[in-house]
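Assemble the whole structure, with the sequences as input and the hints as a guide.
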Amino acid sequence: MNAAREIRQAIDWGELGPLRLRASQVAEGAYAGLHRSALRGAGVEFGGYREYVAGDDLRRLDRRSLLRHHRLLVRQFETETDRALALVVDASASMGFRGSEAKASKIAFAAVVAAALARIAIANGDPVSMSFIADERAQPIARSSGREQFERIVAALEALEPGGDAFTDPGMLDRSLRWVARVARRGAIVVVISDLLDWGPEAAEKVASLASSGRVLAVVQTLDPVEANFPFSGTVRLRALEGGSVVETDADATRTAYLAALRALNDGWRESLAKRGAQFLSATTNDSLTGLVRSIVQTIR
Amino acid sequence: MAVLVLAPYLAHRLRRKSAEERIFAPARLVPPAPPQARRRSRLEDRALLLTRAAAVVVLAVLGATPLVRCSQLSLHRAAGASVAVAIVVDDSMSMRAASGSLTRFERARRGARELVASAREGDSIAVVLAGTPARVALASTTDLGAAGQVATALTPSDRGTDLEGAVALAHELLASAPQTDRRIVLLSDLADGHADGAPLNAGSDLPLWVALPELAAPAVDCALVRADQHAARVRVETVCGPAQSAAGREVIVEGANGTPLGRAAAPGGDKGETSVLLQTDAVMAERVRLSGSDAIREDDAVPVLPEAARETLAVVVDPASELVATGGAPIVEQALGALKLDIDVAPMPAVPDSAEELAGRLAMVLDDPPGFTPEQRHVLAGFIEGGGVVLLALGPHAAAAPLGATLEPMLGEAVSWGVTTLRGAEATTVIGGLAESAESLSDLSATRRTLLSPGDSAAFQALANWTDGAPLVARRVMGRGEIWIVTLPFSLEASDLTLRPAFLALLREWLKVALDHAAPLRGQVGAFWSFPGARSLRVEGPCGPLEVTRESGASRVSAPCLGLYRATVDGRAEARVAQVDPREVDLRPRAVAASNAGVDALGQRRELVDVSSYVALALLLLLTLEMALRLSSRRASLAA
Numbered sequence: 001m002n003a004a005r006e007i008r009q010a011i012d013w014g015e016l017g018p019l020r021l022r023a024s025q026v027a028e029g030a031y032a033g034l035h036r037s038a039l040r041g042a043g044v045e046f047g048g049y050r051e052y053v054a055g056d057d058l059r060r061l062d063r064r065s066l067l068r069h070h071r072l073l074v075r076q077f078e079t080e081t082d083r084a085l086a087l088v089v090d091a092s093a094s095m096g097f098r099g100s101e102a103k104a105s106k107i108a109f110a111a112v113v114a115a116a117l118a119r120i121a122i123a124n125g126d127p128v129s130m131s132f133i134a135d136e137r138a139q140p141i142a143r144s145s146g147r148e149q150f151e152r153i154v155a156a157l158e159a160l161e162p163g164g165d166a167f168t169d170p171g172m173l174d175r176s177l178r179w180v181a182r183v184a185r186r187g188a189i190v191v192v193i194s195d196l197l198d199w200g201p202e203a204a205e206k207v208a209s210l211a212s213s214g215r216v217l218a219v220v221q222t223l224d225p226v227e228a229n230f231p232f233s234g235t236v237r238l239r240a241l242e243g244g245s246v247v248e249t250d251a252d253a254t255r256t257a258y259l260a261a262l263r264a265l266n267d268g269w270r271e272s273l274a275k276r277g278a279q280f281l282s283a284t285t286n287d288s289l290t291g292l293v294r295s296i297v298q299t300i301r
Numbered sequence: 001m002a003v004l005v006l007a008p009y010l011a012h013r014l015r016r017k018s019a020e021e022r023i024f025a026p027a028r029l030v031p032p033a034p035p036q037a038r039r040r041s042r043l044e045d046r047a048l049l050l051t052r053a054a055a056v057v058v059l060a061v062l063g064a065t066p067l068v069r070c071s072q073l074s075l076h077r078a079a080g081a082s083v084a085v086a087i088v089v090d091d092s093m094s095m096r097a098a099s100g101s102l103t104r105f106e107r108a109r110r111g112a113r114e115l116v117a118s119a120r121e122g123d124s125i126a127v128v129l130a131g132t133p134a135r136v137a138l139a140s141t142t143d144l145g146a147a148g149q150v151a152t153a154l155t156p157s158d159r160g161t162d163l164e165g166a167v168a169l170a171h172e173l174l175a176s177a178p179q180t181d182r183r184i185v186l187l188s189d190l191a192d193g194h195a196d197g198a199p200l201n202a203g204s205d206l207p208l209w210v211a212l213p214e215l216a217a218p219a220v221d222c223a224l225v226r227a228d229q230h231a232a233r234v235r236v237e238t239v240c241g242p243a244q245s246a247a248g249r250e251v252i253v254e255g256a257n258g259t260p261l262g263r264a265a266a267p268g269g270d271k272g273e274t275s276v277l278l279q280t281d282a283v284m285a286e287r288v289r290l291s292g293s294d295a296i297r298e299d300d301a302v303p304v305l306p307e308a309a310r311e312t313l314a315v316v317v318d319p320a321s322e323l324v325a326t327g328g329a330p331i332v333e334q335a336l337g338a339l340k341l342d343i344d345v346a347p348m349p350a351v352p353d354s355a356e357e358l359a360g361r362l363a364m365v366l367d368d369p370p371g372f373t374p375e376q377r378h379v380l381a382g383f384i385e386g387g388g389v390v391l392l393a394l395g396p397h398a399a400a401a402p403l404g405a406t407l408e409p410m411l412g413e414a415v416s417w418g419v420t421t422l423r424g425a426e427a428t429t430v431i432g433g434l435a436e437s438a439e440s441l442s443d444l445s446a447t448r449r450t451l452l453s454p455g456d457s458a459a460f461q462a463l464a465n466w467t468d469g470a471p472l473v474a475r476r477v478m479g480r481g482e483i484w485i486v487t488l489p490f491s492l493e494a495s496d497l498t499l500r501p502a503f504l505a506l507l508r509e510w511l512k513v514a515l516d517h518a519a520p521l522r523g524q525v526g527a528f529w530s531f532p533g534a535r536s537l538r539v540e541g542p543c544g545p546l547e548v549t550r551e552s553g554a555s556r557v558s559a560p561c562l563g564l565y566r567a568t569v570d571g572r573a574e575a576r577v578a579q580v581d582p583r584e585v586d587l588r589p590r591a592v593a594a595s596n597a598g599v600d601a602l603g604q605r606r607e608l609v610d611v612s613s614y615v616a617l618a619l620l621l622l623l624t625l626e627m628a629l630r631l632s633s634r635r636a637s638l639a640a
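Sequences listed follow chains A and B, in order. Each residue of the first sequence is one higher than the last, beginning at 1 in the working numbering. Each residue of the second sequence is one higher than the last, beginning at 1 in the working numbering.
By construction, these hints were calculated from the structure, which means they are not laboratory data. Warning: the hint list may mix true and false statements.
[As the list claims (entries may be wrong)] Below, in silico cross-link-like pairs of lysine to any residue (SDA-like), each with a Cα-Cα straight-line distance of 25 Å or less: (1) A:103 - B:23; (2) B:271 - B:287; (3) A:103 - B:72; (4) A:275 - A:72; (5) B:512 - B:459; (6) B:512 - B:594; (7) A:103 - A:161; (8) A:206 - B:459; (9) A:103 - B:22; (10) B:271 - B:298; (11) B:512 - B:271; (12) B:271 - B:242.
[As the list claims (entries may be wrong)] Beyond 12 Å from chain A on every Cβ pair, some chain B residues (computed): (13) 30; (14) 31; (15) 33; (16) 204; (17) 575.
Note that the structure is a prediction, hence the values are computed from the model and not measured. The C-beta atom is built at its ideal place from N, Cα and C for all residues, glycine as well.
Here it is as structure tokens:
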């Protein structure tokens, strides 16, 4: 039986429902103390330096730093103006997984994070757009602001059915990234929420390319505790939700190797994103949502 | 029964734990490590499954034991009396042909074991082998254990077949047996090359039972008899069974390591010869084989030997004097020609001074030589020590040897040529092959004779003595060769010796010894190779080292397998080849005289055999094994 189809039935919200209420709570918790747009990018108030990466606006290159330290640094500015937020939520089949120890499925966790971020942005008057890394059935939500946009986002997330196989259909990711690149203009903040598990090796570079053209990018990896800790023992037969991989293994003997592979995967993402000035965060579905959203907000300030 | 056999399998399938399948998105990050614990469990399960399935099968067999069909030979005994049996096992080459899944010999050996197993206390068993020459493997004995060991240890050979000899031996062995019920059991394919001969055991009072008639099945066989290389040409001789042919097959000449050096079509007909031309004469072919297959694989290859020159006999006489007497060839040459031997005679005016001139000479006749120079003595000593045989006639010239010339190494001292009044030899002193013609030596019309010194006379073994006891004909072994002396010259002027029948008998006997000493490079497998005068002998062949026996003072061996043999005679290496007996390719069976007693009265082939005790034992072992496996599995699980 196709596991992806099996899990597509509905999102397992677990302890995270209802979405609207949970997102509001998380947003309020994370938003406490923030009095201005935390979004950073092109603006008028100096906000610090970062390493130059290909694609950055050469006008923001700090010549003094170049002459003084022989380093290519780019000046960043804070703005008081509205900042667009582009949410990219992975709704592929693997995101529908919920382990026995998890509070909810990965897609539910990602939905709450996305809704909370949307609420924070909308509360600041910033426009929000949202797209999905999923099959064609999940339609993106165009950039807009206001309470109605939050409602649209929540409704879309509630109606989401995880599905699609990113491993066998790499175009799924490309479609979503193209859409984001088109709607997120200079100064926009892009937050990608995914488990990052079934994408090809070139996916990190593709996603990191969103950080060019003055956009700020944060990638949030969402894993189930089972995926993060590999708690199996004895002989297990593991079936992937995407790609159809089936592996029979001795869990005790291969735990270390798996965790090392996972660590290598994350390091690869972290390195690719860091080259572009983007941020990488990783969390499990049992982590604190408020803490995670606050970390995201602080990361992209 | 199938359900019973499948039951443990199904139970294992139900019980067997399959690995628990889990949904795990990052499965591709997990290395497929060998699941050791599960593999161990699976192996144990399999062993248990096999053991239980085998136990069920054995249980079913045990239940059906009376219905188990198993052909087995056994002896039939009238009124339960003990029997004396001579088991004749044919170990000739024709028994290497296949009979079902076994060879004929293996089937015969199994039959012999079955017969021994069916014997009881008080029965006597003898085992005779029918390969040429027929041999007694075990004289009649009531020790059934020894008989069983002999039957088990029988090995096949490439010998010819001597069924008549083997049956005669069996008769002799049974003649002294105390049992009144005596019989011969023949385990043979009856292919002795005399398919049209008189029925075997005809007119005998002992019954003969051909226990395995299925061995005498018709089959096609061709063999390579010999292969000789001369320069770049290899001459190959083939032989096939009657009305059979090797046409369509190829003769392939191979060098070292089986490298093909040349090939030619095998000749047609049941006997043939073909030549294979090699590309160069610089290489020595090692063996020739026949392509394709037939009933006997072992005779489809033969070693290659260098083509030997024809053997010659050197005759040293004084041609001038002989020509005057006979008007033609010397009388000794004419006598040798009268023997019609396949040997060339090479007249020589004198004993050569170099050993090369005697190379290839089989033997040498020296008629009244006037002594030998030192060089000649050296050559003669080497010739005799190396296996040559010399016939030395002593006359006036030998007695009047010039200064510096002696009769060494044959005689240590000078001889004398003197007047005699004796008429001839004393008939009672004539022995050996001359004995038949002893009377013809009684009057030789000799007026003079040669007398040896007492020391030389003592060194020789007399074959015929003058009436006064002096030797007329005598022989002596020297090294690997022999010296024969005659104390009369072969000249007609000296005596009538050469006109007497005993002279031809003397030459025949002497040549027989010479041929024995001149080792042939080839001999039929099973025939004896004699090494007269050899002090140390070791022969190794395809069947391993051969046992050296001694007969009439000469070492000899019998080669049981086809192929090349390496003999080491007194430190010198020789190569000899045992070649196939052409009669062995004739696989037609010989007729056997019908026994008065009838086959059923001699033995039987039991079709139903009670093997329940063995089956029960096997079942017990399987159950023990099953318990051991379960205990082992339980301990392993507890340890885990």
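Okay, the hints, checked on the actual structure:
With a CA separation close to 17 Å, the supplied pair residue 103 of chain A and residue 23 of chain B stays within the 25 Å bound. The suggested pairing of residue 271 of chain B with residue 287 of chain B holds, with an alpha-carbon distance near 20 Å, which does not exceed 25 Å. Our distance criterion of 25 Å between C-alpha atoms is broken by residue 103 of chain A and residue 72 of chain B, whose separation comes to about 78 Å. Annotation: proposed proximity of residue 275 of chain A to residue 72 of chain A holds, straight-line Cα distance about 13 Å (limit 25 Å).
In summary, the hint linking residue 512 of chain B to residue 459 of chain B is supported, as the alpha carbons are separated by about 22 Å, within the 25 Å threshold. Restraint check for residue 512 of chain B and residue 594 of chain B: not satisfied, since their Cα atoms lie roughly 42 Å apart, outside the 25 Å limit. The hinted pair formed by residue 103 of chain A and residue 161 of chain A meets the criterion: a straight-line CA distance of about 18 Å does not exceed 25 Å. Using a Cα cut-off of 25 Å, the hinted pair residue 206 of chain A and residue 459 of chain B is violated, with the two alpha carbons roughly 115 Å apart.
For the hint linking residue 103 of chain A to residue 22 of chain B, the alpha-carbon distance of about 18 Å falls within 25 Å, and the restraint holds. At roughly 18 Å between alpha-carbon atoms, residue 271 of chain B and residue 298 of chain B fall within 25 Å of each other, so this suggested pair holds. Restraint check for residue 512 of chain B and residue 271 of chain B: not satisfied, since their Cα atoms lie roughly 29 Å apart, outside the 25 Å limit. Between the alpha carbons of residue 271 of chain B and residue 242 of chain B the distance comes to roughly 9 Å, so the proposed pair stays at or under 25 Å and holds.
Listed as outside the interface, residue 30 of chain B is inconsistent with that label: its C-beta sits roughly 5 Å from the nearest C-beta of chain A, within the 12 Å cut-off. Not every beta carbon of chain A lies more than 12 Å from that of residue 31 of chain B, the smallest distance being close to 5 Å; the non-interface claim is violated. For residue 33 of chain B, the condition that its CB be more than 12 Å from all CB atoms of chain A is violated, with the nearest at approximately 4 Å. Once the 12 Å rule is applied to beta carbons, residue 204 of chain B is consistent with being away from chain A; the minimum gap is 76 Å.
No Cβ of chain A comes within 12 Å of the Cβ of residue 575 of chain B; the nearest lies about 64 Å off, and the non-interface call holds.
Violated hints, listed in ascending order, are 3, 6, 8, 11, 13, 14, 15; each of the other numbered hints is respected by the structure.
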